[in-house]
Each structure stands twice: as C-alpha cells, then as structure tokens.
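For the record, the sequence lines run as chains A and B. Quick note: the first sequence, position 81, residue 291 per my numbering, numbers continuous. Quick note: the second sequence, position 46, residue 56 per my numbering, numbers continuous.
For the record, the hints were derived by calculation from the structure and aren't laboratory data. Treat the hints with caution; some may be incorrect.
[Claimed, not checked] Chain A regions said to be covered by chain B (calculated; three or more residues, Cβ under 8 Å): (1) 256-262; (2) 271-278; (3) 300-308; (4) 312-326; (5) 520-526.
By construction, the Cβ of each residue, glycine as well, lies at the ideal position given by its N, Cα and C atoms.
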Amino acid sequence: MTAAPEQIDVLDEAREQVLERGVGLTEAQVLKVLELPDDRIPELLALAHEVRERWCGPEVEVEGIVSLKTGGCPEDCHFCSQSGQFPSPVRSAWLDIPGLVRAARQTRDTGATEFCIVAAVRGPDKRLLSQVRDGIKAIRADGNDIQIACSLGMLTQEQVDELVAMGVHRYNHNLETARSHFPNVVTTHSWEERWDTLRMIRDAGMEVCCGGIIGMGETLAQRAEFAVQLAELEPDEVPLNFLIPNPGTPYENYPVVEGAEALRTVGAFRLALPRTILRFAGGRELTFGDLGAKQGMLGGINAIIVGNYLTNLGRPAQQDLDMLEELSMPIKALSQTL
Amino acid sequence: MITTVYCSFCGKEEADGDHAFCRQRLSMIDPPRYCGECARRMVVQVTPDGWTARCSRHGETGSAR
Ligand code: SF4
Ligand SMILES: [Zn+2]
Ligand SMILES: [Zn+2]
Numbered sequence: 211m212t213a214a215p216e217q218i219d220v221l222d223e224a225r226e227q228v229l230e231r232g233v234g235l236t237e238a239q240v241l242k243v244l245e246l247p248d249d250r251i252p253e254l255l256a257l258a259h260e261v262r263e264r265w266c267g268p269e270v271e272v273e274g275i276v277s278l279k280t281g282g283c284p285e286d287c288h289f290c291s292q293s294g295q296f297p298s299p300v301r302s303a304w305l306d307i308p309g310l311v312r313a314a315r316q317t318r319d320t321g322a323t324e325f326c327i328v329a330a331v332r333g334p335d336k337r338l339l340s341q342v343r344d345g346i347k348a349i350r351a352d353g354n355d356i357q358i359a360c361s362l363g364m365l366t367q368e369q370v371d372e373l374v375a376m377g378v379h380r381y382n383h384n385l386e387t388a389r390s391h392f393p394n395v396v397t398t399h400s401w402e403e404r405w406d407t408l409r410m411i412r413d414a415g416m417e418v419c420c421g422g423i424i425g426m427g428e429t430l431a432q433r434a435e436f437a438v439q440l441a442e443l444e445p446d447e448v449p450l451n452f453l454i455p456n457p458g459t460p461y462e463n464y465p466v467v468e469g470a471e472a473l474r475t476v477g478a479f480r481l482a483l484p485r486t487i488l489r490f491a492g493g494r495e496l497t498f499g500d501l502g503a504k505q506g507m508l509g510g511i512n513a514i515i516v517g518n519y520l521t522n523l524g525r526p527a528q529q530d531l532d533m534l535e536e537l538s539m540p541i542k543a544l545s546q547t548l
Numbered sequence: 011m012i013t014t015v016y017c018s019f020c021g022k023e024e025a026d027g028d029h030a031f032c033r034q035r036l037s038m039i040d041p042p043r044y045c046g047e048c049a050r051r052m053v054v055q056v057t058p059d060g061w062t063a064r065c066s067r068h069g070e071t072g073s074a075r
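Next up, chain A with everything else stripped away, as it sits in the complex (with noise of 0.2 Å):
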C-alpha cells in the first residue's frame, strides 16, 4: 500500500525525481519546500548541493559586471534605483570605452570567464549599441578573452541580430518575479514583452540568462509559480538576487529577506532547475553576511557575481575567491566555457 499523498515527504519525492532523475520540481512540490521547517533547512541544502553536482559538476563560474549607463531609465521597476521615475540619488552616469576596458581587465583578473555589460534602459538606440560594439572591441584589442554578456533591456529582432554578430554569447533579461506578481513591480511594460526578448535571444543562439529579485512583497505561492516559470524557460543561467531596499524607490521601506527564507529560497530553485547556472547575485550581502554565502554555495548556488553590482557594492572579490577555495571549489576555466 502506498502512503497517503500529504505523507509523502518533499524531500524523499526531490531525491529520487530531481536527484536521480532530473527532472524539476513541480509548482507544488517548490511551494512545499518553501513551507519546510527551519531545522529542515541543513537537509534541504545538502540536498540541493548534491543535485547541483550530479547535474552540474564542481565548477563555480565567476562573473564581473559592470553598468554602462547607470539611472535616468523610463520604466518603473519598483526596486530599481535606477528608475528616472522615483527619487532616488542615483545620478545618470555613463562609463566611457576606457572605463569599460578597465573593468573587464579587472574582471578578467579575479579569474572570472563572464563579463557582463549591463545599462538602465527599456531597450537599447544606436548610440549605446555603437558604444557596445566599441566597447567590445576595445576589451579584444586589449588582449582580453573573457566571455561578454550584454543587459540591455528588451530588443527587436533587428538589435538581436546586431549583438550575436558582435559575439555577445550570452543575454541577460530577468523577468524579475512570478508572471501573477509583476503588474504589481512594474506598470510600464509587461511580463509578456520580457518574455518575447527572451524567445528571440534563444532563437538566434545566445544564451539566456534570466532571472529575478526575491522579497518584493511576493507570497511563497507566487515564488513557487515563478521558480517553475524560469524553468519553463530553460534558461543557461538563473541569477538569483534579493531585494536591496534602495532609498527613494517605492520599496525603500521593505524588509530584507531573511537569512533562513533566502536559503530556502536558494534550496528550493536549485530542486526547481536542476540543470541551470543558479547565481548568486545582488543582495546576498545584505541578507547572508559572510556566513550565509558560504550556506549558498554548498545549498544549490554554482555562479556569483564577484566585485561590485550596479549601483551598490558587494564584497572585495578576493573575499569571494578566498571563499571557493576554502569550499575547495573549483572555478570555471574559459576553456571549458567554450
């Protein structure tokens, strides 16, 4: 005889469907592990960990990134600082072909194999895809190999084909929360139009990196439904950031996430896309400290951002790499990213 179904443990269902099998948790099998007990959060882990490495291996990729045009940004993403509609300090800034060369060496020196040049716009006009494009080149004629991601915001067909031929390998587009959620984050664009750029970066071959901000006011429900969204996707790359209460932005007055959620939260994404780059990204300073990183890393998380974001700052990279090391974590080489 077969147990009742509410007895069947999530856990035990997630070590034989996406351990052995790999196959992704269901929307209701995620909203069950975010609901686990905190003192099930160490088995949870592990187990994410183990999956991570039957499907992914050992390696850690390391990404830089850095904004190429920061603020001044017509939308209204509620958690972005850089929204030209709220009143926050954030200032336009753009970083010139100088600027960008460096941080790409700088990036290139902590051992990271991703760059990713990223800038506050809806989408992309002539003048900042030609500053790509000669950014670009100026990161090549400077002797730099590193692998270039572009974040741009939503393109055409026509810009898509544009940045495959400048070798842009990879696009990242989050679609930030659950489809039911987001007419609450933004109201000047829609899931549906995050959605169609992804397709077409797909279609043409670069890879998608896509993602979203845990703690906008979200139910565990609607990050159940948003795990199985980015799984529907089959995204490369899933960067997992949480909510920095910026000032001035209408979430200012949010709470972080906390250290146990994250980790569940962590956990519970991993068991959702057992195939996918889960990286670590925005916030995870502010809501692990040092301590709850290194849970991540041995919960599920097989990528982070080292060195600064944006428009806030994270730790020295240095302290990231010591941090693998020490997890005897082996970094991701160009090589075997090709």
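We have chain A; now place chain B with the ligands onto it with these hints.
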C-alpha cells in the same frame, strides 16, 4: 581637509538625527551618493573593484580599494 557636514548616504546634516543605518549601508553595499560638503547629489560610477563620485562643485572622490 574635507569637512563632512552632510551624510553621504541620505544627504541630511550629520548633526541632525541618527545616521547609524546610513553608516551601516555605506560600510556594506553603498557608495556615497551626496557630497559631504554641500549635499549635492553626485554622479557616481561603480566599477567591479571600486567607485568614483563627482560633485559638480567639489570635484571627484573615489574608493581606495
Ligand atoms: S528597466 Fe531596468 S534599469 Fe529600467 S527601471 Fe527597470 S530594472 Fe531599472
Ligand atoms: Zn544619513
Ligand atoms: Zn559638493
């Protein structure tokens, strides 16, 4: 020698109110946003290993990292 009169996180006078939260943010994840001398919003560029912040009147400062 720069006299810091204003909090570079919130832009209010250092002498006015409690800036413990501001100092915590500045020590962890935030570059300065307001000029300490005149409280103007600065143009800040964050790069992977540092930041620069420029006040239109008082010039540029940067991280030592
Ligand atoms: S589109 Fe990007 S830069 Fe613009 S407000 Fe939204 S998150 Fe910020
Ligand atoms: Zn202050
Ligand atoms: Zn000034």
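Status of the hints after comparison with the structure:
1. By the rule of at least three residues with a Cβ nearer than 8 Å to a Cβ of chain B, the coverage given for the region 256-262 of chain A is violated, with 0 such residues.
2. Here's how the region 271-278 of chain A fares: 4 of its residues keep a CB closer than 8 Å to some CB of chain B, so the rule of at least three is met and the hint holds.
3. Chain B is given as covering the region 300-308 of chain A, and this holds because 5 residues of the stretch bring a CB closer than 8 Å to a CB of that chain, at least three being needed.
4. For the region 312-326 of chain A, the assignment as covered by chain B holds, since 5 residues bring a beta-carbon within under 8 Å of that chain's beta-carbons and 3 suffice.
5. Evaluation of the coverage hint for the region 520-526 of chain A: fulfilled, as 6 residues show C-beta separations to chain B shorter than 8 Å, against a requirement of three.
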